[in-house]
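Q: Fit chain B to the given chain A structure using the hints.
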Amino acid sequence: MSPDTVLFSRFQFATTVVAHWLFVALTLGLVTYVVILQTMWYRTGNPVYGKATRFWGQLYVINYAVGIATGIVMEFQFGLNWAGLTHFVGNVIGTPMALETMIAFFLESTFLGMWIFGWNIVSRRVHLYLIWATAISAWFSVFWVLMANSFLQNPVGHVVENGRAVLGNFWELLGNWNFWLGGFHASMAALSTGGVFVLGVSAWHLRRLAKDDERREMYLRSFKLALYVAPVSLFWTAFMGGRLFDLIKKEQPVKGQAANDHLDIASRLAQEQWGNAGYVPPVAGGHFIYISDEIMTWCGIIMLSVIVTAALMTIKGWFWRTPVVEKIAMRIIPWLIPLPFIAGVFGWFFREIGRQPWVVYGLLRTEDAVSPGRTPTGALISLVVFATLVVSLAVTDWLLLNRYARRGPEFAQLGGDGQQSILDVDWSPNRRSDEGEGETVLEGSYQ
Amino acid sequence: MQTAWLVIVGIFFTGYLVLEGRSIGIGLVLPFLGRTKEDRGALFAAIGPFFLANEVWIITALGMIVGGFPLFEGTLLAGFMPFFVTFVVGMALRGVGFQFRRRRESLFWRRFWETMITVASVLLAGSMAIVGSLLFQALPVSGEGVIHLSASTVLTPFTIACVLTGLVVFALQGTNFASTRIVGPTATKTIAFAKKLGPAALLGLIATFLTGIFSSDVRAAASQSALVIGLEVVAVVGIVLADLANWRDAPRAAFALSSVVLLDALLLVGFGRYPNLMVATGGGSANVTISEGAAEPGILSTLFWPVAILVPVLLGAQYLAWRLYRTRVDGTTPSYF
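Line by line, the protein sequences are chains A and B. Numbered according to the working numbering, the first sequence terminates at residue 600, and the numbering increases by one at each position without gaps. Numbered according to the working numbering, the second sequence terminates at residue 650, and the numbering increases by one at each position without gaps.
To be clear, the hints were calculated from the coordinates, so they are not data collected in a lab. Where hints are given, some of them may not hold.
Claimed, not checked - The calculated label-pair distances, taken between Cβ atoms and stated as ranges, are: (1) B:SER529 with A:GLN426: 29 to 39 Å; (2) B:LEU468 with A:THR192: 48 to 58 Å; (3) B:GLY497 with A:TRP285: 28 to 38 Å; (4) A:GLY431 with B:PHE425: 44 to 54 Å; (5) B:LEU420 with A:VAL538: 21 to 31 Å; (6) A:VAL538 with B:SER538: 48 to 58 Å; (7) B:SER529 with A:GLY321: 41 to 51 Å; (8) B:SER604 with A:GLY428: 30 to 40 Å; (9) B:LEU468 with A:SER545: 25 to 35 Å; (10) B:ALA621 with A:GLY321: 17 to 27 Å; (11) B:SER529 with A:ALA430: 28 to 38 Å.
As the list claims (entries may be wrong) - From the derived model, a few chain B residues whose C-beta atoms are all more than 12 Å from chain A: (12) MET314; (13) PHE345; (14) GLY410; (15) THR431; (16) SER455; (17) ALA513; (18) PHE527; (19) ASP530; (20) ALA539; (21) ALA563; (22) LEU633.
Every residue gets a Cβ at the ideal spot worked out from N, C-alpha and C, and that includes glycine.
Bound conformation, chain A alone (with noise of 0.2 Å):
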């Protein structure tokens, strides 16, 4: 296989899949907090929480676009890409995609086309099982996700038979500890980057709203729960992440070393373990997933110091009753958005680099299970079609993101009929709204 061959493969891989982790993380976020909104909304009726659960959700409606999109992407690439490996060890990872499929993306897809063509047409009830569903099928694909990245991390429960992999015992996938450390970890990091949106969101219109202003009431309510929330999701993401590189250090001695910018005993180890020195981290010298794990670490400490600062400092209302305080806070929690996304990023850089040359780890090298028959040509024209849409509907996106973001739950046309807002009309249960479409003036020229 030409090096060449590899090295687009992996780019093309690591573009959508950093793509498609950026979009999937704040989808589980948003969803939750979406969830916990709106339920709140259903027990006590008030309608600020609608406010929330609509300026939200459309948030997490928009971004759940290009994750589903990207989220395409990855599954035919296995395939495209990676014939090697579903030859390997299909038997062993197809089982927990398939599920994955059918329990994750399935459901998923079809509770939220419900959910949002819903509004105004089911019962408040029903709607909120709904979401409710929605976000339930949603955290399922992590697990399953998780499951077959972890065996690639740590195979366990398969036996090799003429060559390939064969799952010996579904229990020893399912009990694999990586998975659950790493699995959880990477959840609760999704539940940081929503809550660390939400404040940074909210925040950016608290300082530009008005006291009296009765817009304020809803980014209020939204950053006093995310502030009770985050600070929660975040420590156990560091957490998981701490006992997570504990067992890596036994699991992926290697990966360990590296971590830690000790190359010398991971080409020790390498040799030990393979009987090849040159079988450590590539990137940077080998510095890189050194760098990738200090970048993570830091993003992490930095978001964890100012949210739970501002957290404990609501405690006793010094907070809310100190101008200063909260002036300060609410300037600098929205260049907060960004770490939860730089801190995931780098994660994944730090698990998947990590482990290379391996793509099973000591099982499988990368560059054998490129598929057969791709020729560098093909690899890169792949490369540059995938690499092109995937960025440039993640810009579309985010720009879209930030607008809708900026607007506020004016706004949101989900549940809503075009720019037409329906919060000043009675939500009631069964009634068709019967507003046009809400087309704009410009569309008369369009016909």
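A: Same frame as chain A, but now just chain B:
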């Protein structure tokens, strides 16, 4: 167990073709039928609630192939790489096209994403038709199960005829569905358009048969069993009846019939080479048979029961969506997409 698994994969592919065929078809006819604000509104309101629930069928179908036929999945996707790339690009563009279309009140923005939806629908329908027709023909498969496609293998008259017919049949499916759900002036237009698509589909089928006859290899596959011949007859009869139904202003019947034709096309691809999944030009051992492509028997039985239990759950969720949005729509119905 392998047969049971094939049936499960078949169910998901059928779901995709028949259900997502509706939105692919609407994407295809958008430039013809979506000329006014009301018409576009009605078309998007008709398909909108189903869109997210439809496109996941293919993901799950692929998941079932990954789980049940992991070796075949690698061969298939890597071998037909260019068409799966166009397919994936189409899926991504169409997904965001639906989501983005109305997110900015700019004429350029909306037109851009509507064009993208149409382009993406062409990519989807075209890629599927190409892969389907190639699986029906003998392929240059090497011993290790690697397909070496070249322009001359792909650009056969038969393939071209299949692609054109495929586009028309998908367009018919979308238009028929639109007629069943839309009321008012738009519905009159969709039925009128479907009346034109029917004969076009029939012409396409005739062209497919004529080009197929000249290829000894397609001829062999097309006449290999009574079942396959029966399926071919069903395709022609289905199209004719669908057209008749449209002439008699019975869009529901027409939609049912065009759905049958899509299912029929899938069965033809499936049974055309049975019990092989793929036939090599050289024949013999290079053929990929069902049992060669399948996962280990142990896996199939481990996976079978969870899947057998889940399929009704998934169908139940879909049924809820269909039930919820069975009401008629027109150009003024609110729709998020």
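Q: Measuring from beta carbon to beta carbon, are SER529 of chain B and GLY321 of chain A in 41 to 51 Å?
A: 47 Å, holds
Q: Does the claim that ALA539 of chain B lies outside the interface with chain A hold up, using a Cβ gap greater than 12 Å?
A: Its Cβ never comes within 12 Å of chain A, the nearest being 34 Å, so this holds.
Q: Non-interface claim for ASP530 of chain B: all C-beta distances to chain A beyond 12 Å?
A: Its Cβ never comes within 12 Å of chain A, the nearest being 22 Å, so this holds.
Q: Okay, SER529 of chain B versus ALA430 of chain A on CB: inside 28 to 38 Å?
A: 58 Å, violated
Q: Given the hint of 17 to 27 Å, check if ALA621 of chain B and GLY321 of chain A actually sit that far apart at their C-beta atoms.
A: 22 Å, holds
Q: Is the distance from the Cβ of VAL538 of chain A to the Cβ of SER538 of chain B consistent with 48 to 58 Å?
A: 40 Å, violated
Q: For PHE345 of chain B, which was marked as not at the interface, is the minimum beta-carbon distance to chain A over 12 Å?
A: Holds, since 14 Å exceeds 12 Å.
Q: In this structure, is the beta-carbon distance linking LEU468 of chain B and SER545 of chain A contained in 25 to 35 Å?
A: Since the Cβ atoms of LEU468 of chain B and SER545 of chain A sit about 30 Å apart, the hinted range of 25 to 35 Å holds.
Q: Indicate whether the distance between the beta carbons of LEU468 of chain B and THR192 of chain A respects the range 48 to 58 Å.
A: For THR192 of chain A against LEU468 of chain B, whose Cβ atoms are near 57 Å apart, the range 48 to 58 Å holds.
Q: Would you assess whether PHE527 of chain B, listed as outside the interface, keeps its beta-carbon beyond 12 Å of every beta-carbon in chain A?
A: Per Cβ check, PHE527 of chain B is outside 12 Å of chain A; nearest 29 Å; holds.
Q: Taking 30 to 40 Å as the hint, is the beta-carbon distance of SER604 of chain B and GLY428 of chain A inside that range?
A: The hint (30 to 40 Å, Cβ to Cβ) holds, given that SER604 of chain B and GLY428 of chain A are roughly 37 Å apart.
Q: Is the hinted range of 44 to 54 Å satisfied by the C-beta distance from GLY431 of chain A to PHE425 of chain B?
A: Cβ of GLY431 of chain A to Cβ of PHE425 of chain B: about 49 Å, so the range 44 to 54 Å holds.
In summary, the structure is inconsistent with hints 1, 6, 11, 14, 16 and 22 from the numbered list given earlier, while agreeing with the others.
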